[in-house]
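**Q** Residue numbers (our numbering), protein chains in the order written: chain A, 51 to 162; chain B, 20 to 136.
Do not take every clue at face value.
Label-pair restraints from in silico Cβ distances [unchecked claim]:
| hint | chain 1 | residue 1 | chain 2 | residue 2 | range |
| --- | --- | --- | --- | --- | --- |
| 1 | B | N76 | A | S57 | 28 to 36 Å |
| 2 | B | P114 | A | Q52 | 19 to 27 Å |
| 3 | B | H29 | A | S57 | 30 to 38 Å |
| 4 | A | H125 | B | L121 | 21 to 29 Å |
| 5 | B | K60 | A | S80 | 22 to 30 Å |
| 6 | B | H98 | A | N68 | 43 to 51 Å |
| 7 | B | P102 | A | H125 | 34 to 42 Å |
Only pairs whose alpha carbons sit at most 35 Å apart, straight line, appear in this in silico DSBU-like list of lysine-lysine [to be verified]:
| hint | chain 1 | residue 1 | chain 2 | residue 2 |
| --- | --- | --- | --- | --- |
| 8 | A | K149 | B | K55 |
| 9 | A | K149 | B | K37 |
| 10 | B | K41 | A | K149 |
| 11 | A | K120 | B | K55 |
| 12 | B | K71 | B | K60 |
| 13 | B | K71 | A | K149 |
| 14 | A | K120 | B | K59 |
| 15 | B | K55 | A | K161 |
| 16 | A | K120 | B | K71 |
| 17 | B | K60 | A | K107 |
| 18 | B | K59 | B | K41 |
| 19 | B | K59 | A | K149 |
| 20 | B | K55 | A | K107 |
| 21 | B | K37 | B | K55 |
| 22 | A | K109 | B | K55 |
| 23 | A | K149 | B | K38 |
| 24 | B | K60 | A | K149 |
| 25 | B | K71 | B | K59 |
| 26 | B | K71 | B | K41 |
| 27 | B | K59 | A | K161 |
| 28 | B | K59 | B | K38 |
| 29 | B | K60 | A | K106 |
| 30 | B | K41 | B | K60 |
| 31 | B | K59 | A | K106 |
| 32 | A | K106 | B | K55 |
| 33 | B | K60 | A | K161 |
| 34 | A | K120 | B | K60 |
| 35 | A | K109 | B | K59 |
| 36 | A | K109 | B | K60 |
| 37 | A | K107 | B | K59 |
Derived by calculation from the structure, the hints in this document are not laboratory data. Just so it is clear, CB atoms sit at the ideal spot from N, CA and C, and this is done for glycine as well.
Spelled out from the first residue to the last, the chains are:
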Amino acid sequence: TQLLEQSPQFLSIQEGENLTVYCNSSSVFSSLQWYRQEPGEGPVLLVTVVTGGEVKKLKRLTFQFGDARKDSSLHITAAQPGDTGLYLCAGPRYNQGGKLIFGQGTELSVKP
Amino acid sequence: ETGVTQTPRHLVMGMTNKKSLKCEQHLGHNAMYWYKQSAKKPLELMFVYNFKEQTENNSVPSRFSPECPNSSHLFLHLHTLQPEDSALYLCASSPLLAGGPLPDTQYFGPGTRLTVL
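All chains should be modelled from the sequences, with the hints used to inform the complete structure.
**A** What follows is the structure, encoded as structure tokens:
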């Protein structure tokens, strides 16, 4: 069974701090995605990482896919209150790319 | 309206009621999905439709009945639900149902917050 575990589950920090969120599995994934969900809204895709060791940057967000394609991390530099939300990682079922498996999410709160 | 819309946004129902959730996508996509999001649990994929054909029923109890009359509309009919069915129900769509190892981008609606009393 393919499972994704995220840590930490909750994170409360002050504006300007840096943070890292982790997504781990014992299974190999062909790719991993990161979504952000704000209160009252559905998840919105931030990035898809495909190649082992790949690093992608989206402004202050840096995403990394592990070399063995079993894990990923999201690093936020100088967090802002607008970064507050639920961060979800997701990966496709083996050879069923359209059917996603999600982690349980990391709830991030950035206080001004 | 643009993107993926869901109605109603909030629903409170008794265990003996029958209600329906509606999802509409204005993106010209061909695949649509129902997910259940419960507190502290991962999003659970419930149903998948590709070109109006159901391709996934993830062991969902029969008290949940999906309907996809066309590629733009998706319904979830509810009857004799249990309190543990209270959750946020999310609809999503994607251009196609990816069949290989790489996922397509899924676009989510805002969800229907369901409370079963």
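**Q** Against the earlier hints, flag every one the structure doesn't satisfy and list their numbers going up.
**A** none
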